[in-house]
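Trainee: What follows is each chain in one-letter form.
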Amino acid sequence: MKRDLAAPELRPAFADPVFDTQAVFRTLMSAVAYPGRIFPLDRSVSAPHPLDVAATALCLTLADFETPIWLDGRASSDEARSYLRFHCEAPQTTDKKSARFALIADPSSMPHLMDFHPGDVEFPDRSTTLIVQVPSLTEGPTASWFGPGINQVIKPGIAGLPDWFWPEWNLCSEIYPMGVDVFFISGDMLVGLPRAVRVEV
Amino acid sequence: MAYVAVKGGERAIINSHRLIAEERRGNPDLAELTISQISEQLGLSVDRVMNEGSIYDRDLAALALKQAQGDAVEAIFLLRAYRTTLPRIAVSKPIDTTRMTVRRRISATFKDIPGGQVLGPTYDYTHRLLDFALAAECGIGKPEAELADEPLDSVIPRVIDLFDGEGLIEADISENDEEVFDLTREPMSLPAGRDQRLQNLARGDEGFVLGLAYSTARGYGGAHPFVGELRLGEVIIEIVPEDLGFPIEIAEVTITECQMINQFRGTAEQPPQFTRGYGLTFGHCERKAMSMALVDRALRARELGEDVRYPAQDEGFVLPHTDSVEANGFVTHFKLPHYVDFQAELQLVRQLREQREADQAKEAAE
Amino acid sequence: MSGPGNKQCDTGDGYSFAYLDEQTKRMIRRTLLKALSIPGYQVPFGGREMPLAYGWGTGGIQVTASIIGPDDRLKVIDQGADDTTNAVSIRRFFEIVSNVATTEQTAEATIIQTRHRIPEAPLQEGQILVYQVPQPDPLHKIDPRENETRKMHAYAEYGAMQVTLYEDIARFGRIARTYDYPAMVNARHLMSPSPIPKFDNPKMENNPAIQLFGAGREKRIYAVPPYTSVRSLDFDDHPFEVQTWKGCCALCSSTVSYLDEVVTDDRGGRMFVCSDTDYCNKRQADRALTTETGGIVAPDEGAKL
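Residue numbers (full-length UniProt numbering), protein chains in the order written: chain A, 1 to 201; chain B, 1 to 366; chain C, 1 to 305.
No lab work stands behind these hints: they were computed from the structure. Do not take every clue at face value.
What follows is a list of derived Cβ distance ranges for each label pair [what the hints assert, rightly or not]:
1. C:Glu-167 x A:Gly-157: 46 to 54 angstroms
2. C:Arg-145 x B:Ser-36: 22 to 30 angstroms
3. B:Val-253 x A:Glu-66: 45 to 53 angstroms
4. C:Thr-290 x B:Asp-71: 51 to 59 angstroms
5. C:Thr-290 x A:Glu-66: 54 to 62 angstroms
6. C:Asn-206 x B:Gln-355: 30 to 38 angstroms
7. B:Leu-352 x A:Glu-168: 33 to 41 angstroms
8. C:Ala-187 x B:Arg-356: 54 to 62 angstroms
9. C:Thr-290 x B:Val-349: 32 to 40 angstroms
10. A:Phe-146 x B:Leu-190: 31 to 39 angstroms
11. B:Gly-305 x C:Arg-145: 42 to 50 angstroms
12. A:Phe-146 x B:Pro-87: 39 to 47 angstroms
13. B:Gln-273 x C:Ala-187: 49 to 57 angstroms
These figures come from a predicted structure and were not determined experimentally. Every residue gets a Cβ at the ideal spot worked out from N, C-alpha and C, and that includes glycine.
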């Protein structure tokens, strides 16, 4: 049935869904457990334009019919939309608050963090996870990250973020344990930024 | 005596599996039970296992009963563990019990009802005398019941709906498109909606739910229940596949439905009226359906502005404790080694005793 | 089920790799990421029935099944030992449904599933410790109503727990909790460390490994990321302290490990041995090696005396 729905130009998902998603998940889990470190994916996939390999792999690994997904203007190409619809079966939403995942391909004009769902007071886990594609994970301005998962301090250089990003990130700590969690993506590399991390620019 | 550390757990486990297989088979000179024999001749056991195991499949339930040597709770556990591995393909349309092919249908509230009282198969009026004919070697042959002269109506209204015109009974919740809570995919979340509560009770242990229902009628929960209607029969299950857009029949299942009517004295906002309690089970499980309906009603206490004073009215107590798979697992887990914790406690008790002796010695010296 | 070396997704019996279906794994994986993002917070998840009984490790098994892959090496312990029956049973389960390599050596394992202990050997980055948890909420004993304890966690109202511990001091002169000793994670969430002896609590803090906690029956998952603060509750005048023993392990002479008391006869004979069998065996082997020239034969793996 699925075959009929698929447009001919639709790119394939993982060659081996069970083991590829398992391997990608372990990389994602390491990225959340050790924030600020750069993790390369050891599985490849043919990503739909304009999504990066790591962003595509993340969606294939975590998204499904239970996780509404929001795409920013740049990410929402026809190709990306039909790819995600077909391979993840994730509902695509225009409501940022109801999204479990948000795909951001143009970080310079990204919505503010609190436009997304920070979870509820009693269920802070019911929040949006942001997947932000950036030009580089090393060549941006360095910031010092502290907190769970970080041995003393780590200093990533995430590029392409709007000026307000870090001040707003630290403001969000006021509502912790509510908040959003972020994956920064560049090509097939990724860095995790869970909400418990504090950042000094 | 030399100390030998515990080893060989794996061999012990394998041997234990062999022993249980041998015990299960019993005397090999006797014929082995077949799945169809269990499914046909121990039908009510199979119904209970299907119901609490949450899969409608007589053969699987019969297999589980065979594997569990007839232990219903163990069989329910087997079926649930199997169920976990199955994908959820679709959500069916709500079933319509007025279109049930009725085999049994009774009401305690009216002598005569539209569609008639249908006694059907029941142990209710059997005298509970052991029937030694069943023990005879030659068996009982092929018992046959008489057929009625006319078939029953194809649509039989529910007795409880007859009140609707007068407003004497609270209105039923109308059908809607809201997604139904699925306890097999989401953890329980209190306060529970009615969907979550009924699903929990349907899967709950029959004995536990029966005991709770009993307590509501014995002063621990002010129930004055009437069986509005109890019916047993077959209904059609339909789904609407996305790509078709119209319903198709996928199965016919046997269910038992119980609608309890409870008196309600009314509040400042609401006039006195009757309230509902609802029970529905797979297969022929009357005791369970009635118990479920009573506990459902008891758990509506808060919603109806009644005091929550008794165990059966307290959803925080009832709902987390109904599930036999959870309860059985946790109670039996105390068989597992706890010697690390026990050692910790042993040390503490020794310390406390030493301290006490020291204190007493000190007091005596003074 | 599947034969050795078979790495297909289907285990030959109609069951998926690592038993759980892919949709369930995805749900648990999302839960695990949220758990790591909010250290110590109990994330509700759609726990599934497993083919092992609730209370026997179903939470840990679901977590392990969702993270494990063909490159992993799994160690399973119960009471610190690899050869306790339930540890053997769970290890066998994963051998059957995932064909993954297993080990008894802490240092070699990539995933360690445990009940009631943290191994004595320090863990490293890249290792994952999966705890089996019977009751995830440390406040459950104070108030069994989940509605209430959820609010206490939401607003970090942990005074009631401090009061409970202080009542111990008033009555016994000390905090009378010896295992499942509550700890504050990342200075925000009060957490049950599972029924490990309080001896193990300090090992949770600033550990380089990932620590995941699975409560199957209660359907909660929580986590302690690496390098995270985990403070056992105490008072200035009654600081937290761990168990100590007067003697040493009768087998390996360790004076720093958690010891189990073993009854050796019916005349009151007792001896103390390490609860961590891998740690103890390794020490005995090392000792045998260093004294080999003296003609002592290395004890066999059954650790007979």
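Trainee: Mind checking the hinted window 42 to 50 angstroms against the Cβ distance between Gly-305 of chain B and Arg-145 of chain C?
Mentor: 20 angstroms, violated
Trainee: Check the following: the C-beta atoms of Leu-352 of chain B and Glu-168 of chain A are separated by a distance inside 33 to 41 angstroms.
Mentor: 54 angstroms, violated
Trainee: Taking the beta carbons of Thr-290 of chain C and Val-349 of chain B, is their distance inside 32 to 40 angstroms?
Mentor: 39 angstroms, holds
Trainee: Range first: 51 to 59 angstroms. Now tell me if the beta carbons of Thr-290 of chain C and Asp-71 of chain B are that far apart.
Mentor: For Thr-290 of chain C and Asp-71 of chain B the Cβ distance comes to about 54 angstroms; the hint holds.
Trainee: State, for the Cβ atoms of Phe-146 of chain A and Pro-87 of chain B, whether the hinted interval 39 to 47 angstroms holds or is violated.
Mentor: 43 angstroms Cβ-Cβ, so the 39 to 47 angstroms window holds.
Trainee: Taking the CB of Thr-290 of chain C and the CB of Glu-66 of chain A, does the distance hold inside 54 to 62 angstroms?
Mentor: Cβ of Thr-290 of chain C to Cβ of Glu-66 of chain A: about 58 angstroms, so the range 54 to 62 angstroms holds.
Trainee: In this structure, is the beta-carbon distance linking Asn-206 of chain C and Gln-355 of chain B contained in 30 to 38 angstroms?
Mentor: 33 angstroms, holds
Trainee: Verify the CB-CB distance for Arg-145 of chain C and Ser-36 of chain B against the hinted window 22 to 30 angstroms.
Mentor: About 47 angstroms separates the Cβ atoms of Arg-145 of chain C and Ser-36 of chain B, which means 22 to 30 angstroms is violated.
Trainee: The hint says 49 to 57 angstroms between Gln-273 of chain B and Ala-187 of chain C; measuring C-beta to C-beta, is that right?
Mentor: 54 angstroms, holds
Trainee: For the pair Ala-187 of chain C and Arg-356 of chain B, does the Cβ-Cβ distance stay inside 54 to 62 angstroms?
Mentor: The hinted range 54 to 62 angstroms is violated for Ala-187 of chain C and Arg-356 of chain B, with Cβ atoms some 37 angstroms apart.
Trainee: 45 to 53 angstroms was suggested as the range; check whether the CB atoms of Val-253 of chain B and Glu-66 of chain A agree with it.
Mentor: 27 angstroms, violated
Trainee: Between Glu-167 of chain C and Gly-157 of chain A, does the beta-carbon spacing fit 46 to 54 angstroms?
Mentor: For Gly-157 of chain A against Glu-167 of chain C, whose Cβ atoms are near 52 angstroms apart, the range 46 to 54 angstroms holds.
The structure is inconsistent with the numbered hints 2, 3, 7, 8, 11, although it conforms to all the rest.
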